[in-house]
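Undergrad: Chain by chain, the residues run as shown.
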Amino acid sequence: MSLLQCKDVSMGYEGKTMLQNINFQVNEGDYLCIVGENGSGKSTLLKGLLRLKSLAGGEIILGDGLLQKEIGYLPQRLPSQKNFPASVYEIVLSGRLNQLGWRPFYTKEDKRIVRERMEWMGIWHLKKESFSVLSGGQQQRVMLARALCATSKLLVLDEPVTGLDPIVTKEMYDLILRINREQNITIIMVSHDTKASMEQATHILHLGKEQLFFGTCEQYENSEIGKKFLKEGA
Amino acid sequence: MFQILQEMISYSFLTRALVVGSLVSLCAALLGVTLVLKKYAMIGDGLSHVGFGALAVASALNMQPLYVTIPVVVIAAFFLLRISENSAIKGDSAIALISSGSLAIGVVVASVNGTNTDLSNYLFGSILSVSKKDEIICIAVSIVVVLIYILFYHRIFAITFDENFAKATGLHTQAYNVVIAALTAITIVLGMRLMGTLLISSLIIFPSLSAMRVFKHFHFVVIGAAVCSVLCFFAGMTASYCYELPSGASVVLVNMFALAVCAVVGSIINRLKKH
Numbered sequence: 001m002s003l004l005q006c007k008d009v010s011m012g013y014e015g016k017t018m019l020q021n022i023n024f025q026v027n028e029g030d031y032l033c034i035v036g037e038n039g040s041g042k043s044t045l046l047k048g049l050l051r052l053k054s055l056a057g058g059e060i061i062l063g064d065g066l067l068q069k070e071i072g073y074l075p076q077r078l079p080s081q082k083n084f085p086a087s088v089y090e091i092v093l094s095g096r097l098n099q100l101g102w103r104p105f106y107t108k109e110d111k112r113i114v115r116e117r118m119e120w121m122g123i124w125h126l127k128k129e130s131f132s133v134l135s136g137g138q139q140q141r142v143m144l145a146r147a148l149c150a151t152s153k154l155l156v157l158d159e160p161v162t163g164l165d166p167i168v169t170k171e172m173y174d175l176i177l178r179i180n181r182e183q184n185i186t187i188i189m190v191s192h193d194t195k196a197s198m199e200q201a202t203h204i205l206h207l208g209k210e211q212l213f214f215g216t217c218e219q220y221e222n223s224e225i226g227k228k229f230l231k232e233g234a
Numbered sequence: 001m002f003q004i005l006q007e008m009i010s011y012s013f014l015t016r017a018l019v020v021g022s023l024v025s026l027c028a029a030l031l032g033v034t035l036v037l038k039k040y041a042m043i044g045d046g047l048s049h050v051g052f053g054a055l056a057v058a059s060a061l062n063m064q065p066l067y068v069t070i071p072v073v074v075i076a077a078f079f080l081l082r083i084s085e086n087s088a089i090k091g092d093s094a095i096a097l098i099s100s101g102s103l104a105i106g107v108v109v110a111s112v113n114g115t116n117t118d119l120s121n122y123l124f125g126s127i128l129s130v131s132k133k134d135e136i137i138c139i140a141v142s143i144v145v146v147l148i149y150i151l152f153y154h155r156i157f158a159i160t161f162d163e164n165f166a167k168a169t170g171l172h173t174q175a176y177n178v179v180i181a182a183l184t185a186i187t188i189v190l191g192m193r194l195m196g197t198l199l200i201s202s203l204i205i206f207p208s209l210s211a212m213r214v215f216k217h218f219h220f221v222v223i224g225a226a227v228c229s230v231l232c233f234f235a236g237m238t239a240s241y242c243y244e245l246p247s248g249a250s251v252v253l254v255n256m257f258a259l260a261v262c263a264v265v266g267s268i269i270n271r272l273k274k275h
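Chains as they are written, first to last, in this note's numbering: chain Y, 1 to 234; chain U, 1 to 275.
In isolation and in its complexed conformation, chain Y is listed as follows (with noise of 0.2 Å):
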């Protein structure tokens, strides 16, 4: 049984259709990276497997006891979070959210979560500070421990390293790598960058308003479609 399965998936907006036949499956410890052009659906996809969207056709269907609610989400950076005034220890104890249930106050295991997943992305001293005057690589930081709130199995990442300088970028990646491989927690990004994406990735979906592939790094680098992509970005 594989942690999330997309059968025929398909998605649409106001009647038209954006995606269609996306069939693929993600197993436990798998980084998945989706690549594609701008407008190849990529963003919709990951709005479809975080139930933001609905689905126009088809089923994704998750196993391994892994809920809906307990996938960890890092959206893309909104110019209107950037001075929100907010602690980075109320931010990552958002994550936490998906627990409350009928409580109305988070409990000391919450607690005890945030500040481990806190320590883990190296931000902890960085508890009392206002999320506003944070670098860009920190609040980035910050996004993912809430995430990493939500979850223990599963990760989906939208364009993390998007407005980040090359330094931090590389930060970034070594850290969601980490995650991948120690906490073997799944991984699923979306990214814009494909020759990090092979780097770091044990299987590619590569979208074009539908599926043109999908399979391990390997195989991509021999397909006709991933030897034309490569090419082109680097």
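The set of hints was computed from the structure by calculation and includes no laboratory data.
Using N, Cα and C, we set each Cβ at its ideal position, and we do this for glycine too.
A hint or two may mislead.
Taking lysine-lysine and the DSBU-like style, the derived pairs with C-alpha atoms no more than 30 Å apart in a straight line are [stated by the list, open to error]:
hint, chain 1, residue 1, chain 2, residue 2
1, U, Lys273, Y, Lys69
2, U, Lys273, U, Lys39
3, Y, Lys16, U, Lys167
Heads up, incomplete: computed chain U residues facing chain Y, CB under 8 Å, no partners named [as the list claims (entries may be wrong)]:
hint, residue
4, Phe79
5, Tyr149
6, Arg155
7, Phe157
8, Phe165
9, Ala166
10, Lys167
11, Gly170
12, Met212
13, Phe215
14, Lys216
15, His217
16, Phe218
Place chain U on chain Y using the hints.
TA: Using the frame of chain Y, we list chain U on its own:
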């Protein structure tokens, strides 16, 4: 100061105005933090104008104003929320259309009805307008708002900061938005006749902006806005009583002053932190 307050509460209509006004200030400030941060502040302004139209129609038909105004404004709140969620730019003009449209309906109905003298009371508020019934409803609503805010504080924070993330973790964000809009609508209706339809939205916007100048943590912003709002209301009412100024406008002026002070304090704190 204490003596003046004692003098003020010896008039029963003034006591009522103080109770209703401070509770409305408190609720408006709490809701305002979320509305301002979600960029929904204009909804508050739009709702007060809708409230004016509904109020004018209600008094023309000789109906209990609250019974007409509350449902109409709550419905308008759902509607405005829908519009602003669908598209940001169109939503902006739609709110302006609804605001000026309702204002026009209110003015025409009020003048046809021959109650021209009340018009300025509606627009700029009057402390004589608060009835015993308003006071009871206001206390009940305030308790509900404060309770909801405390019990759902963490969820409200999550929705305000990042609605998509909250939704992905299984929260029914749409339902929370609707609740916040409905509570805002009721708060506006309750405060409208006291503060004036043209001035009530300031209670939503000023305190949270002031608090955000000084505080950078969400829970401090919320508490700061609530305290600032209630203090400004009392200061405004006291000034209005002592110098015979219009009450709603005095409260807004005090809020403006508070914002200026907070902006200065905030920039001093920032400078100190940099050194």
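Undergrad: Next, verify each hint and record whether it holds.
TA: Results for each hint:
no.	hint	in the structure
1	Lys273/U - Lys69/Y	39 Å, violated
2	Lys273/U - Lys39/U	28 Å, holds
3	Lys16/Y - Lys167/U	24 Å, holds
4	Phe79	21 Å, violated
5	Tyr149	11 Å, violated
6	Arg155	7 Å, holds
7	Phe157	6 Å, holds
8	Phe165	6 Å, holds
9	Ala166	6 Å, holds
10	Lys167	6 Å, holds
11	Gly170	3 Å, holds
12	Met212	5 Å, holds
13	Phe215	6 Å, holds
14	Lys216	3 Å, holds
15	His217	4 Å, holds
16	Phe218	4 Å, holds
The structure fails hints 1, 4 and 5 (numbered hints given earlier, in ascending order).
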